[in-house]
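Visitor: Sequence:
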Amino acid sequence: MTAKSFLSPEDPFPADVQALPDARLHVLNSLVHRQIEREYVGASGPNPETEFRLEELRIELDRRESLAKPAMDLPAPPPCGAPLPA
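The numbering of the sequence shown is the numbering used here, which starts it at 0 and goes up by one.
In case anyone wonders, no lab produced these hints; they're calculated from the structure.
Just so it is clear, the structure is predicted and the values come from calculations on it, not from any experiment.
Take the hints with a grain of salt, since some may be wrong.
Computed Cβ-Cβ distance ranges for the label pairs, DEER-style [said to hold, decoys possible]:
{"hint": "1", "residue 1": "3", "residue 2": "65", "range": "27 to 35 Å"}
{"hint": "2", "residue 1": "20", "residue 2": "42", "range": "31 to 39 Å"}
{"hint": "3", "residue 1": "78", "residue 2": "32", "range": "20 to 28 Å"}
From the three backbone atoms N, C-alpha and C, an ideal C-beta is built for every residue, glycine too.
Turn these sequences into a full structure, and let the hints guide you.
Guide: As structure tokens, this is what we get:
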């Protein structure tokens with residue numbers, strides 16, 4: 000693997016995460032999560048910049064999720080004790 004799997008607080012971060020395509024937003028979210036995991040393992044704890052970035056990404060992901068339509072309608076589960084379909 001040649002690329003880092005985390006985004007340190009010193010690495011560049013987009014000024015406007017709303018402008019990012021979905022795939023890039025998800026990759027960035029993964030990189031920041033990996034970074035905060037590294038910081039929690041370290042003795043100093045999470046960096047405020049990493050926490051800020053993670054919160055910004057969470058807000059944008061939540062916004063997009065609230066605007067998304069359901070991918071498909073799933074049937075309601077059978078009542079408890081009902082036999083499962085064959």
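Visitor: None of the hints should be skipped; say for each whether it holds.
Guide: Okay, the hints, checked on the actual structure:
1. 3 - 65: 27 to 35 Å: holds (31 Å)
2. 20 - 42: 31 to 39 Å: holds (37 Å)
3. 78 - 32: 20 to 28 Å: Because 38 Å falls outside the window, the suggested range is violated.
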